[in-house]
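Fit chains G, W and H to the given chain X structure using the hints.
4 protein chains.
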Amino acid sequence: MEGFNLEEDKLKEECGVFGIYSNEIDEEISHLTYYGLYALQHRGQESCGISVKNGEEIKCHKDIGLVSDVFSKENLQDLKGNISIGHVRYSTAGGAGRVNAQPLVSTFKLGSISIAHNGNLVNADVVRELLEETGCIFQTSVDTEVIINLIARSYKKGVERSIVDALKFVKGSYAMLLMAENKLIGARDPNGIRPLCLGRMGEKYILSSESCALDSIGAEFIRDVEPGEIVIIDEEGVRTIKFAEKTGCATCSFEYIYFARPDSVIDGVNVYESRIKAGEILYKESPVEADVVIGVPDSGVPAAIGYSKASGIPYAMGIIKNKYIGRTFISPTQEMRERDVSVKLNVLKVNVEGKRVIIIDDSIVRGTTSKRLVNILRKAGAKEVHFRVSSPPVKFPCYFGIDTPYRNELIGAFSSLEDVRERIGADTLEYLSINGLLKSLGKDKGYCLGCFSGEYPVSTPSEDFR
Amino acid sequence: MEGFNLEEDKLKEECGVFGIYSNEIDEEISHLTYYGLYALQHRGQESCGISVKNGEEIKCHKDIGLVSDVFSKENLQDLKGNISIGHVRYSTAGGAGRVNAQPLVSTFKLGSISIAHNGNLVNADVVRELLEETGCIFQTSVDTEVIINLIARSYKKGVERSIVDALKFVKGSYAMLLMAENKLIGARDPNGIRPLCLGRMGEKYILSSESCALDSIGAEFIRDVEPGEIVIIDEEGVRTIKFAEKTGCATCSFEYIYFARPDSVIDGVNVYESRIKAGEILYKESPVEADVVIGVPDSGVPAAIGYSKASGIPYAMGIIKNKYIGRTFISPTQEMRERDVSVKLNVLKVNVEGKRVIIIDDSIVRGTTSKRLVNILRKAGAKEVHFRVSSPPVKFPCYFGIDTPYRNELIGAFSSLEDVRERIGADTLEYLSINGLLKSLGKDKGYCLGCFSGEYPVSTPSEDFR
Amino acid sequence: MEGFNLEEDKLKEECGVFGIYSNEIDEEISHLTYYGLYALQHRGQESCGISVKNGEEIKCHKDIGLVSDVFSKENLQDLKGNISIGHVRYSTAGGAGRVNAQPLVSTFKLGSISIAHNGNLVNADVVRELLEETGCIFQTSVDTEVIINLIARSYKKGVERSIVDALKFVKGSYAMLLMAENKLIGARDPNGIRPLCLGRMGEKYILSSESCALDSIGAEFIRDVEPGEIVIIDEEGVRTIKFAEKTGCATCSFEYIYFARPDSVIDGVNVYESRIKAGEILYKESPVEADVVIGVPDSGVPAAIGYSKASGIPYAMGIIKNKYIGRTFISPTQEMRERDVSVKLNVLKVNVEGKRVIIIDDSIVRGTTSKRLVNILRKAGAKEVHFRVSSPPVKFPCYFGIDTPYRNELIGAFSSLEDVRERIGADTLEYLSINGLLKSLGKDKGYCLGCFSGEYPVSTPSEDFR
Amino acid sequence: MEGFNLEEDKLKEECGVFGIYSNEIDEEISHLTYYGLYALQHRGQESCGISVKNGEEIKCHKDIGLVSDVFSKENLQDLKGNISIGHVRYSTAGGAGRVNAQPLVSTFKLGSISIAHNGNLVNADVVRELLEETGCIFQTSVDTEVIINLIARSYKKGVERSIVDALKFVKGSYAMLLMAENKLIGARDPNGIRPLCLGRMGEKYILSSESCALDSIGAEFIRDVEPGEIVIIDEEGVRTIKFAEKTGCATCSFEYIYFARPDSVIDGVNVYESRIKAGEILYKESPVEADVVIGVPDSGVPAAIGYSKASGIPYAMGIIKNKYIGRTFISPTQEMRERDVSVKLNVLKVNVEGKRVIIIDDSIVRGTTSKRLVNILRKAGAKEVHFRVSSPPVKFPCYFGIDTPYRNELIGAFSSLEDVRERIGADTLEYLSINGLLKSLGKDKGYCLGCFSGEYPVSTPSEDFR
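Chains as they are written, first to last, in our numbering: chain X, 61 to 526; chain G, 61 to 526; chain W, 61 to 526; chain H, 61 to 526.
Isolated chain X (complex conformation) (with noise of 0.2 Å):
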């Protein structure tokens, strides 16, 4: 029950980023990438943080917590600048606590800097030990620490120069924002796994996560940053500095399955859209006949609504989520939950009772969540239960930014799909196929697979390492 909230049998996207570039030194800059922030919230819940650069000098406000709990009318209104970059995270690569909370902020021999970055460095720890053997020191545990480093060492280049050279170094995804000089500058992996995209609102320039927080803030959106493109924001405008030679574009497909908020647009895929064709496509590659479609709250409702279209099988909510659980949630006891407490969700009994039931997830993980809902349907009620789920079976580890648990944790890994369907006890069970995947997002490839397919864009550690 504890495991029971629907949040917790999910896989974790690691980070968001925000950023806004304006000529002048405005009043509402921090407030504006407070908004940003909290569009990007679903990205990260552990810890949050704003840094402005006001000419020479930068300020920076981060802490554990969600934004709401972080920032208070003064601590923005103390963040006084023209550049400022916020960041939401989930965890790290380097663990919790409040001194990896990004953004970053260091000064080096041309000023100050910070940076913030969503994504996953896959030989940050080679790159670390070599930069210790050059007399380096680390305050952190964010592999981002090293990009910082290295800019730094090669300062005599320049900062945009030094920049390029710090991203040659380095392997994995990302989508980093910094600030440095006067400048606002935004860089995406050669792959383009993490997304990141370019807006407009008046004279002021804005680098997200997603295209949400543009609209959260009343921007314009212009265009996604390209894969292996660092964006340069500065009193002249927009440039633009191509730094890896043209690869193929591997966009993570779980930011369409589960991450992305539904009214983002990435990589020119609309997240929503995309849902509601995996649901179709779902039917049509599983079909079954059923009195009721439900979709597990909240990405499974897309899907859920698209089965239901394709199919004519009525959709109905089925499924309440308690709004008001927070962090300081006192979970029931085991004993408690034996007697079938279960206050973070209720069944809506009269869409279910006595009938055949197809639920939609939009993945299994490991499954535990899945069971018990099969669990509460029936005791609800239901006389059959159809587990539909719009992704394929997550099989394998990400390196690029999600936190995945340990591979003989995924339920999908090495069981069969009639094992897995035992376990959950329902009465049939089918995952999206990868094919039907790439179908829902419109393009046969540019998209990163691998926790589906162990197929990766870039080379990746053996498991050993992990």
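No wet-lab data here; the hints were simulated from the structure. Warning: the hint list may mix true and false statements.
Chain copies aren't distinguished; within one or between two, either way the pair holds.
Stated by the list, open to error - List time: in silico BS3-like cross-link candidates among lysine-lysine, alpha-carbon distance up to 27 Å:
#1 Lys264 x Lys381
#2 Lys409 x Lys383
#3 Lys409 x Lys264
#4 Lys439 x Lys264
#5 Lys302 x Lys505
#6 Lys133 x Lys381
#7 Lys409 x Lys499
#8 Lys503 x Lys409
#9 Lys505 x Lys409
#10 Lys133 x Lys383
#11 Lys228 x Lys169
Relative to the frame of chain X, chains G, W and H by itself:
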């Protein structure tokens, strides 16, 4: 924009109550009450409290804030006993502030007593005056305090009889829980305006404002407490006193329209289903050609699904609510709002752009939110916006536990339908008829429709006294 | 060691009160009360509160904690009015907890009323019983609540007369402040056991437990309120009602010995001077040859200075208190204490090493601290330790507002002087005689000596009732 | 009046350090450090922290606030290890804020390292510049960060040698603690400006700014760390490296005058005794006829006792400090101050009224407090006020870890004695001579007298660079 919180332009429920009786002093009693209040949190978010009786002594913990803010593990462990009552509150007849949080606790001749109340006593002021003339003091401004004083006055008749006598003094609406001697006592007003139901979990009995709270602790629903019924629970089980002559039941219709959780069943009517039906009937009453039906989250969604079902026009998600907005959200300045900073809501463009949109909301109070919604739909490219409301126009204040604005703030009170349509900027606007509402509830009487019709089940003070 | 907080093994004062009357509604009234309570904080550190009257309405803010914890700028700005009363409390007859914090606030037939009380009503229980029989309810366990109920009962006689009548009902000690109608009212019990004085600052009148609080706000001392006097302050100035026939004054002698601040003057006696004199008389009564006199901080210091002055033996600082120890101090474990972890105190070795030391404390209650002090002096190298106490042995409980342990915990109650000396490990031990105490106060009667002699100014319940 | 906090018009010590080495991983290590910091709290009240090493890993908890605010039971239990260093800080060369709290923690080639520092590195800026040119980054503005970078640069020589090399780079004052590998390391600057001493408790070794912290945990004092000495503590015991050629010791004389706790012994001189002697010598240098000697609490009291002893004029308490004033005290408005609201201090009238008063303070910095003190003494009826200062006039800034105001704010910098006397309004004013100060310390050299004489033990930047 500050007003563009979807919840802000709604009528506000004033309270929820939850109580448990156990034959044994039970470690769990306060925890179960805590979970029960979590499930009723939608009925009041301003303050909450739990009091527990253990033989003679009553312990109470209450404060301003959500259930998750007010209670810690330590608090709950301190609250040991065999009877417990809890309360969540939006605000009261008596004004906000910690001193007015419920449950109230007192001692009188027959020992300690605690009381929690959802509803409003329309003659509390005159009763209070009378009591003051006999030398009574009042330490809160909660109308419920008169009840305790009335009981204490007639203590010689014993607890049960003195409660009956006290209830004969007061007029209005109440779902009320009391602990006195070794009894848990529930009372529902003679018209049953506010809901109250009885449940059981093993040897324990539960009284709750809504059935969803029974589900949350794994208890089974027994029945609704009847209008004019006092339920007495003690070591001998459950007894009933009928203190009021047979009157017509007049359950608040707004419980079904907006207040209650969709997974509750009140007086035999399933809340979710009544909302689906309201949507269906709304289509039959006011059809319109369009491309898509969207619901205003959260309570407009079932009606939208119903409208879609009846009309065949596809349902889609049109509006995304940011679920992380909390109490401490720092609102955009007027300037920012004019530049369209809109953190709380976002339109799902793909579902409205270039389309004829039907938007369903459960009610219109002041109209400010409706206007704003029409506006952002148009900005997102909707070709037409047809506004449909799944309840009749709110024209009159409520005197029975709902916080309604002054009549001149109610957009439906003095304006014609055409006026309202023009003010909110929709292409067409239609409300559900009172008849349609009754149809959606399955009976043609038995409901309070006061806020729509101005006809109340109990005589009320004239407008001048508000 | 946990018990080795110098304050922990002392008798505890239970409360302090402070009130202001102004002809005009004054921005400053709550601020001045706040400063007054700061100056009286030594009289009670558990909870505090201020209530302010502005015409009809009374606003109150109170909570558990020190004055510095409970009040913020916003709180004080909210408390606007022309009359104010404040309270600090150690704990009460009624037990701790927020609900029992004072001032109490109520409304009754004649409007709102607020009350704050220092002292103890020895017949509160029987009065309460009587009131309950007439149908009264009680919402706190503070004895003061009976006063308000008594006043409300007899409201027909008007506020002033009903207060007089109420005071005739109760027995015990009180320095009491009330606000009702447009009046600030102070009352002191017929024996004047607890102190209360009157001051003025321009047009404003002040009532305070001690004169040091008048100094703190720059007010001038007018006079002590007399035993059995009610002082009524309103727009016409200050009036007096003598509600008790002439009785002997019996000011609590412990106020001079320990409770009161040294810069206060109570009933004509300067507190600091009385302590110096006690030290001088103590020398005359119990001289001893030694090299140095030290005082136990803070209240033993003046007596030590007096002893030094009379004897010619040099005074020196012998014990340093850590002034940063707060509420949240994490105490050493038993193990650590045995290895002499001693954060709260340190001996100033240079002043005791190799010396014959006279140590003066103001009183001995349980003796645990005294033993510990002797021990650390010896460890620091004192050749001899002569313990002198500047008050007589505490042998009996107090019923008038002081928290005394059970008699069998009072080391002086049943043990001979020699026994006590042996238990605390001193070379010699002497107390001030009762006669010496009276001499130090300058009069041979007019003081309550109950805790020393067992003779009380008011008849008290037998020990069995405690 | 806001400035009439006795502590506000004083020079401010900048830091205190405390560290423990144990051969075993010890449950108590963080608790003992916590108690040690409590005993050093007077050396810095703005922020504090503890880091603990357990084999490879270092854990650290630090924040803004007093020791009692920053640490909870849970924090301390999390900090498990066999080596620990702690820090209290007033503020730093680097400015306030959580990021600048100490200890600093980093990893470098040889593992994790933590550092805590009391003092000031006068050439930190140039060293930092040099390091930045080699590609270093800095994440705080604390001068101590250069030390870690210097160590990391020369890691190939091993930890001990690289520390020696780092210390050869820097100039200024420091009592510094480091943890690296399995060692606790302490270093004191070549002039021994800031104090540092070594203690033992069973098998544990302790390094502390002052000996009073050894007393607080029951440890025994072994010796002061010598100027220019590095002490290395590991499983083999205590070793010494002398990294600086023999230089003259120059202990900060203000440690004795004001900063250190009276129960500490620094470099062989007892702090309390030196203050008594300063008072005695002050009388010999500047006698005056009077009726009473009073001391400004807390640090002026021993000098007053000394003055009284030497002169035969009786000592008395003249000024009472309110001991409950905390961080959140709401200051009186300007208007209130003019009407003499004075919560923080009160004169003990009985000791000054009608008397010729000698008031002794330990130092005069800006003179604002002195003026105010003279003023309230006169208001309380003092016939004459003779101001005596138990140290010479402060005329020059400190560059070695003390926060001094700009020279033109130092009342002694440019004004004649007569001018100062007139400005503070005393009848006579005399300071202790530099010679007298040295006599009170028992040696005629070995002390830094920079703030009195402008002659510093280390060359310092010219005034322009401050």
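Consistency of the hints with the structure:
no.	hint	in the structure
1	Lys264 x Lys381	between (39 Å within a copy, 26 Å between copies)
2	Lys409 x Lys383	both (19 Å within a copy, 25 Å between copies)
3	Lys409 x Lys264	between (51 Å within a copy, 23 Å between copies)
4	Lys439 x Lys264	between (55 Å within a copy, 21 Å between copies)
5	Lys302 x Lys505	within (22 Å within a copy, 67 Å between copies)
6	Lys133 x Lys381	between (31 Å within a copy, 23 Å between copies)
7	Lys409 x Lys499	between (35 Å within a copy, 22 Å between copies)
8	Lys503 x Lys409	between (40 Å within a copy, 22 Å between copies)
9	Lys505 x Lys409	between (42 Å within a copy, 26 Å between copies)
10	Lys133 x Lys383	both (26 Å within a copy, 21 Å between copies)
11	Lys228 x Lys169	both (21 Å within a copy, 23 Å between copies)
The structure meets every hint from the earlier list without exception.
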